[in-house]
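Here's the letter readout for the chains.
2 protein chains.
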Amino acid sequence: MTSSQKATLTPPTFELKPYLLDRQSQVEAALDAALPMAYPEHIYESMRYSLLAGGKRLRPILTIASCELLGGNSQMAMATACAMEMIHTMSLIHDDLPAMDNDDYRRGKLTNHKVYGEDMAILAGDGLLAYAFEYMARATTGVPIDRILQAVIHLAKASGAGGLVGGQVVDLQSEGKPDVTLETLAYIHAHKTGALLESCVVCGGIIAGGAPVDLQRLSQYAQNIGLAFQIIDDILDITATSEELGKSAGKDLQAEKATYPKLLGMEESQRRAQELVSTAKDSLNVYGAAAQPLQALADFITTRRN
Amino acid sequence: MTSSQKATLTPPTFELKPYLLDRQSQVEAALDAALPMAYPEHIYESMRYSLLAGGKRLRPILTIASCELLGGNSQMAMATACAMEMIHTMSLIHDDLPAMDNDDYRRGKLTNHKVYGEDMAILAGDGLLAYAFEYMARATTGVPIDRILQAVIHLAKASGAGGLVGGQVVDLQSEGKPDVTLETLAYIHAHKTGALLESCVVCGGIIAGGAPVDLQRLSQYAQNIGLAFQIIDDILDITATSEELGKSAGKDLQAEKATYPKLLGMEESQRRAQELVSTAKDSLNVYGAAAQPLQALADFITTRRN
Chain Z
1 MTSSQKATLT PPTFELKPYL LDRQSQVEAA LDAALPMAYP EHIYESMRYS
51 LLAGGKRLRP ILTIASCELL GGNSQMAMAT ACAMEMIHTM SLIHDDLPAM
101 DNDDYRRGKL TNHKVYGEDM AILAGDGLLA YAFEYMARAT TGVPIDRILQ
151 AVIHLAKASG AGGLVGGQVV DLQSEGKPDV TLETLAYIHA HKTGALLESC
201 VVCGGIIAGG APVDLQRLSQ YAQNIGLAFQ IIDDILDITA TSEELGKSAG
251 KDLQAEKATY PKLLGMEESQ RRAQELVSTA KDSLNVYGAA AQPLQALADF
301 ITTRRN
Chain G
1 MTSSQKATLT PPTFELKPYL LDRQSQVEAA LDAALPMAYP EHIYESMRYS
51 LLAGGKRLRP ILTIASCELL GGNSQMAMAT ACAMEMIHTM SLIHDDLPAM
101 DNDDYRRGKL TNHKVYGEDM AILAGDGLLA YAFEYMARAT TGVPIDRILQ
151 AVIHLAKASG AGGLVGGQVV DLQSEGKPDV TLETLAYIHA HKTGALLESC
201 VVCGGIIAGG APVDLQRLSQ YAQNIGLAFQ IIDDILDITA TSEELGKSAG
251 KDLQAEKATY PKLLGMEESQ RRAQELVSTA KDSLNVYGAA AQPLQALADF
301 ITTRRN
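As you go down the protein sequences, you meet chains Z and G in turn.
The first sequence begins at 1 in the working numbering and counts up by one.
The second sequence begins at 1 in the working numbering and counts up by one.
Because the hints were derived from the structure by calculation, they are not lab data.
Everything numeric in this text was worked out from a predicted model, so none of it was measured.
Hints should not be assumed to be uniformly reliable.
The list treats identical chains as interchangeable, and a pair is accepted whether it falls inside one copy or across any two copies.
[To be verified] Derived lysine-lysine pairs resembling DSS-like cross-links, with alpha carbons at most 30 Å apart:
hint	residue 1	residue 2
1	157	56
2	114	177
3	17	56
4	114	257
5	281	114
6	262	281
7	56	114
Please construct the entire structure, taking both the sequences and the accompanying hints into account.
Following this line, the structure appears as C-alpha cells:
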C-alpha cells in the first residue's frame, strides 16, 4: 500500500484552527489590496480604518468555503468574499452612529465616527456599500458573468430594506418596547444578521456554479447558523466582559432590547442555538467530507467567546 | 409626393417641452412601480417619500435619451434610469443630514430626516443605494448581461469614494476655507455632481451596446453639461429665491462655500457655463438629428430657473 492510498483510506481529521488562520490571513491581504489609498485620502483612510480593523472574517471565509464545497476555488470567490466584508463593515459603521446605536467602541477600537467625525462615517459607509458592488462586479475573474450578476443581485437584496437595513429598522423600532414578541425578534435577527450571512454562503455557491438544490441547502445551513450566531451574541452580551467582546458589554440590557435570554431564558437559548447548529450541519451531510469546513465553522459559532 | 416623403425631407423641429413632460411621467410611473411598499413599512415610506418627491428627473431622462441615441429604446434603459434616480435621491438624503449640510427643506418639502428622523434617513439612503444595484441588475430586460454588469460597475464607481462620495468629502473639507482654488472647486463639481450625470449618460450608451468611441463622446458631453449644471446651480443660489429653488437660497454664501460666481464673477461664470454647453452639444453633432434630445437637454440646463 502506497502512502497516497493510505491517505485516501484514512482521511485526516479536519483542523479548524489552522484553516481559520490561513483563510484569515488570505482575506486580510485581499481586503488590504482591494481598497488602496487614493484621493481624497481622508475618506479612504476612514474606510480602511474600519475595513481593516481585524475581526474574525467569518463572512468572507464562509463565502470561500461554500464556493469550494461546490467545486470552485478561493480565487474565484475572493472578490465576492471581500464585498461581503465591505457590506458588513458598512453596516457596523452606520449602526454605531449617534443617531443609531451610539457606540464608542467596536472590536476594541474607537468607532469610525469617534475618529473621523459623523459626516465622514456616513460617507465611509456609503463608499464601502457602493464599492462592494463595484469590486465584486469588476474584480471577479474566472467566473461566467451570469453568475457574477446573480451574486450582485443576491448581495444587494441582502443589504437593503428587505435585508439588513430592514432588520436594523425593526430593531430600532423595538428598542425600549416591553412587548416585543419572539416572532419580531426572529425577524430582526433573520434580517439584521441572517440576511448577510445567508448571502455570504449562497453567493459562494453561486460563484461556484451551484445547482438550485445546492443553493437551497446552503441557504438552509446559513439561515440556521445565522440565528444561532445571533442567539450566542445575545448570550455573550450578558456573560462576557467588555474586554472579551471588544465593545461595550451589557448594551442590550441597558437599551432594554428584546433578546433570546430575556424571552426564553439562558438555558433554553443555549439549547436552541445548539439545535440550530446541529440542523445546519445535517443539511450538508450529503456532501460528505467536503462539508467539513462549513460544518466546523457552524460549531465554531456556538463555542466562540467574542 | 406622399406625406411620408415630405416628413423625411423636412424633419419636424424637436420640441423639448412635450418630450420632457412625456419622459417625466414615464419615469414617475416606473419609479413608483420599482419600489412598492413592503414590511417594514416605515423604511419603505421613508425611501418612497424622497424618491417620489418630484424633481425634474433629468438624470433618468438623460439615461433614456443616450440609450435611444445609440439605437436602444426606453424599455431597455428604464431600470438603469430608475437606479440613477435612486442613487441621486440617496445622496440628497445623506447630504441633507445634520452631520452634513443640515438642510430642512428639499424640493419644497421637509427633508427626509425632518420627517422620519436621522436614523431612518441614514437607513433610507443605505436602502436606496443597495436597491439601485439590485433593481438595475434584476429588472433590466432585453439587454445582454455583459452590458448590465458593465453598467453596474460604472454606476457603482460613480457613486463611491472615487465619485460622488469623494466630491462630497472635498466639499465638506473646503467649507469655510478662504483659499479654495478653482482646481479644487472643479474637483468637487466633477465628482459631487458630474460623476453621476456622466454615469447616467454613459450607462444609457452601455445598455444600448455603444462602441467605445460612442461612450467616449457621451462621456465628453456629460462632463461638460455636468460642470455647466453646477455653475448654474451656484448662480441660482445667489439669484433665485428660496421659493423658486424649493430649498433654502443663499446657503452657499452663508456656509462660506467656494462657488464659481465667487471665484470668477457672475458674468464670467455665465459665459463659461454657456461655453461648456456649446462644447457638449458639438461633441454629439456626428449623430445628426438623433442627437437633438440630448442637445436640447444641454440647453435646458443653462436656461433653467430652479
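Of the numbered hints stated previously, which ones are contradicted by the structure, given in increasing order? Per hint list: single violation, 5.
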